[in-house]
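S.K.: What follows is the residue order along each chain.
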Amino acid sequence: MALTPAEVRHIATLARLALSDDEMSRLGTQLSAILDHFEVLKDIDTEGVPPTAQSLDLHNVQRPDVVTPSMSTADLELNAPRVEDGYLRVRAVLE
Amino acid sequence: MATIDLGRTAHEHAAALRAGEYSARALAEATLARVRAQDGDLNAYITFTDELALQQADAADAALRAGQGGPLTGIPVGVKDLIGTKGVRTTAASKMLGNFIPPYDATVAQRLNASGAVTIGKTNLDEFAMGSSTEHSAFGPTKNPWDLTRVPGGSSGGSAATVAARGVPIALGTDTGGSIRQPAALCGILGLKPTYGRVSRWGVVAFASSLDQVGPFARDAEDAAALLGAVAGHDPMDSTSAPLPVPDFTERFGRGLDGLRVGVPSDFFGEGLEDGVREALERSIDVLAANGAVINRDITLPTAQAGLTVYYIIAPSEASANLARYDGVKYGYSYLDGRNAEDEMSQTRGRGFGAEVKRRIMLGTYALSAGYYDAYYLKAQKVRTLIRREFDAALEQVDVILTPTSPNVAFRLNEKLDDPLAMYLNDLYTIPVNIAGNPGVSLPCGFSEGLPVGMQLIGRMFEESTLLGAARGFEGVTDWHRQAPPERG
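Note that the protein sequences, when read in sequence, are chains V and S. Just so you know, we're using our numbering here: the first sequence kicks off at 1 and counts up by one. Just so you know, we're using our numbering here: the second sequence kicks off at 1001 and counts up by one.
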């Protein structure tokens, strides 16, 4: 199944990945080859088979609603590129 | 003080430390000097943690003097640089996290510290653990200590290489599709992927959350049991960690191989398996049989073949969601000269991630996108159920399933770098085990073309002890685990 350049661009937009034209064209070819490989699943009968999200029979694990200490803002700010008055700063989302 | 034999295992060091032959500090200093000298050849480490190591060694010496401590007190260990370590740079081998200093320790790092182990450094890997060769690292490839022109496997290639080279006796890795077992095989050591849920994932940089597990590299079963025992167990911070008691992983060491029921599925010995690997495996099966194991060649796992395909839908899908957090706002690499918020985010991600990571994010985003979810992700999860059922059924008839770990010995650097499908095929035999969730171990079982071959044993859910008992039995009648690569550095 060959992905069109427009499809590759659309996926890159969904994934918020800025890619060069070179990368787009290489990824188009490689992803198409990988998607061809996925076709083998079509031959496997899964009628009535439930999906497995993970291997353990654990569902809706809960803990008591008790407040416990959390990390300090000061510690978390140390890795942030732009900080102002205890907030993370980003560029305007709406222009 | 006499020179320390750094070729010793962890349990041999532990006995020497207790006997006062040398101190944990002397062992840490000698180890740091050795791994540094080796690293010009191997590039197994991203960060050396001298200061932390010496602190931990002094604490270990104090504990030993007081007659306290356990099997890992004072033992040097390498930690894959995917595992978050408080105050110590944790990069995931990515430009994206090149300067990231975690504000907290992963649960496994906390437990490792509590065990008294001495962290020597953070080991190299494929970026975000995506790869089978450790070539996809922003910090350069790791080399195989058996042949420096070849890869060590991956993604935990740094941990495997430094243990194989007798740099450190034990190391932690992570395994999402084979990333502990395959490099263990290619480097000639033992590597174990625990059952999904046996070890906490909290604080480990997430790749594919339904598949990722942390596990040990070691040169024998005893050391692997000690390291697994130190980090395993339920963690309230990881809701997928199993609320089960942690057994003594050496509990089956006394049993030997007599009566061990070993299933050998022909499905795992088909096309693509190198002759030399097949021959080493067949000789090892003969050794097992000669020592009382009951070989059963009738078990089949026909759908496991599709595991590779299932994996390359599920893992990139989960990765595309997990890696959405790298937005350049909270931590990590940040491109600050974009046109607007969205452009900065896209530029950050486009510049911060390497080629393989971008490939998988694209693949996962596509598989989860509108109109394709049912055909890819949901279908893959249904086939996943079938694969789990096959493993369960086979493991009712046998105690362990034996397969090759990798279809080939260590390949040359750059050989598969531009061919993702060829690279992915390296994990053909390890991936189904992650899909099913079962534990798997790779043991050194011979050589082909002068390079190590690995044998994979797969066990029932939460029966790591059975795997380590079998490994111990095999070590008792072979000496593959004692073979060392040429000295480096």
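Possibly wrong hints are sitting among the right ones.
Just so you have them, the derived chain V footprint on chain S, three or more residues with Cβ under 8 Å [as the list claims (entries may be wrong)]:
#, region
1, 1100 to 1112
2, 1127 to 1138
3, 1146 to 1156
4, 1239 to 1245
5, 1320 to 1330
6, 1333 to 1344
7, 1348 to 1358
Listed below are the simulated SDA-like cross-link pairs for lysine to any residue, each with C-alpha atoms no more than 20 Å apart in a straight line [as the list claims (entries may be wrong)]:
#, chain 1, residue 1, chain 2, residue 2
8, S, LYS1382, V, SER72
9, S, LYS1330, V, GLN54
10, S, LYS1095, S, GLY1350
11, S, LYS1095, S, ARG1255
12, S, LYS1330, V, LEU76
13, S, LYS1095, V, ARG82
14, S, LYS1086, S, GLN1068
15, V, LYS42, S, TYR1372
16, S, LYS1086, V, VAL93
17, S, LYS1330, V, SER70
18, S, LYS1330, S, ARG1351
19, S, LYS1382, V, GLN54
20, V, LYS42, S, PHE1269
21, S, LYS1330, V, ARG91
22, S, LYS1095, V, PRO81
23, S, LYS1330, V, PRO50
24, S, LYS1330, V, THR73
25, S, LYS1086, V, ASN79
26, S, LYS1330, V, LYS42
27, S, LYS1086, V, LEU78
28, S, LYS1330, V, ALA2
29, S, LYS1095, V, GLU23
30, S, LYS1382, S, GLN1397
31, S, LYS1095, S, GLU1051
Hints in this document: simulated from the structure, not taken from any laboratory. Glycine included, every Cβ here is placed at the ideal spot set by N, Cα and C.
S.K.: Please go over all the hints and tell whether each is borne out by the structure.
M.R.: Hints versus structure:
1. Figure legend: the region 1100 to 1112 of chain S, annotated as covered by chain V; annotation consistent (4 residues with Cβ-Cβ distances under 8 Å, at least 3 required).
2. Coverage of the region 1127 to 1138 of chain S by chain V is violated. Counting CB-CB distances below 8 Å, 0 residues qualify, and the rule asks for three or more.
3. Figure legend: the region 1146 to 1156 of chain S, annotated as covered by chain V; annotation inconsistent (0 residues with Cβ-Cβ distances under 8 Å, at least 3 required).
4. Judged by the Cβ-Cβ criterion of 8 Å, the region 1239 to 1245 of chain S is covered by chain V as claimed, because 3 of its residues qualify and three suffice.
5. Using a Cβ-Cβ cut-off of 8 Å, 6 residues of the region 1320 to 1330 of chain S lie near chain V, which meets the minimum of three, so the contact claim holds.
6. With 8 residues bearing a CB less than 8 Å from a CB of chain V, the region 1333 to 1344 of chain S meets the requirement of three and the coverage assertion stands.
7. Requiring three or more residues with a Cβ within less than 8 Å of a Cβ of chain V, the coverage given for the region 1348 to 1358 of chain S holds, as 6 such residues are present.
8. Our distance criterion of 20 Å between C-alpha atoms is broken by LYS1382(S) and SER72(V), whose separation comes to about 42 Å.
9. With a C-alpha separation of about 29 Å, the suggested pair LYS1330(S) and GLN54(V) falls outside the 20 Å cut-off, and the hint is violated.
10. Only pairs whose Cα atoms come within 20 Å are accepted, and LYS1095(S) paired with GLY1350(S) is accepted, the gap being roughly 11 Å.
11. Annotation: proposed proximity of LYS1095(S) to ARG1255(S) is violated, straight-line Cα distance about 48 Å (limit 20 Å).
12. A distance of roughly 8 Å separates the Cα atoms of LYS1330(S) and LEU76(V); the hinted pair therefore holds under the 20 Å criterion.
13. Note on LYS1095(S) and ARG82(V): the hinted pairing holds, with a Cα-Cα distance of about 18 Å set against a maximum of 20 Å.
14. Among the hinted pairs, LYS1086(S) with GLN1068(S) is inconsistent with the structure: their alpha-carbon atoms are about 25 Å apart, more than 20 Å.
15. Of the pairs offered as hints, the one joining LYS42(V) and TYR1372(S) holds, with about 13 Å between alpha carbons and a cut-off of 20 Å not exceeded.
16. In summary, the hint linking LYS1086(S) to VAL93(V) is not supported, as the alpha carbons are separated by about 33 Å, beyond the 20 Å threshold.
17. Pair hint LYS1330(S) plus SER70(V) holds up; C-alpha atoms about 17 Å apart against a cutoff of 20 Å.
18. Our distance criterion of 20 Å between C-alpha atoms is met by LYS1330(S) and ARG1351(S), whose separation comes to about 17 Å.
19. A distance of roughly 11 Å separates the Cα atoms of LYS1382(S) and GLN54(V); the hinted pair therefore holds under the 20 Å criterion.
20. Pair hint LYS42(V) plus PHE1269(S) does not hold up; C-alpha atoms about 24 Å apart against a cutoff of 20 Å.
21. Between the alpha carbons of LYS1330(S) and ARG91(V) the distance comes to roughly 13 Å, so the proposed pair stays at or under 20 Å and holds.
22. For a cut-off of 20 Å, the pair hint linking LYS1095(S) to PRO81(V) stands: about 15 Å separates their Cα positions.
23. Using a Cα cut-off of 20 Å, the hinted pair LYS1330(S) and PRO50(V) is violated, with the two alpha carbons roughly 38 Å apart.
24. Between the alpha carbons of LYS1330(S) and THR73(V) the distance comes to roughly 12 Å, so the proposed pair stays at or under 20 Å and holds.
25. For the hint pairing LYS1086(S) with ASN79(V), the CA-to-CA distance comes to about 12 Å; that is within 20 Å, so the pair holds.
26. A distance of roughly 41 Å separates the Cα atoms of LYS1330(S) and LYS42(V); the hinted pair therefore is violated under the 20 Å criterion.
27. Between the alpha carbons of LYS1086(S) and LEU78(V) the distance comes to roughly 12 Å, so the proposed pair stays at or under 20 Å and holds.
28. Of the pairs offered as hints, the one joining LYS1330(S) and ALA2(V) is violated, with about 37 Å between alpha carbons and a cut-off of 20 Å exceeded.
29. With a CA separation close to 18 Å, the supplied pair LYS1095(S) and GLU23(V) stays within the 20 Å bound.
30. Taking the CA atoms of LYS1382(S) and GLN1397(S), the gap is near 24 Å; set against the 20 Å cutoff, the hint is violated.
31. Between LYS1095(S) and GLU1051(S), the direct Cα distance comes to roughly 24 Å. Violation of the 20 Å bound is thereby established for this hinted pair.
Checked against the numbered hints above, the structure breaks hints 2, 3, 8, 9, 11, 14, 16, 20, 23, 26, 28, 30 and 31 and satisfies the rest.
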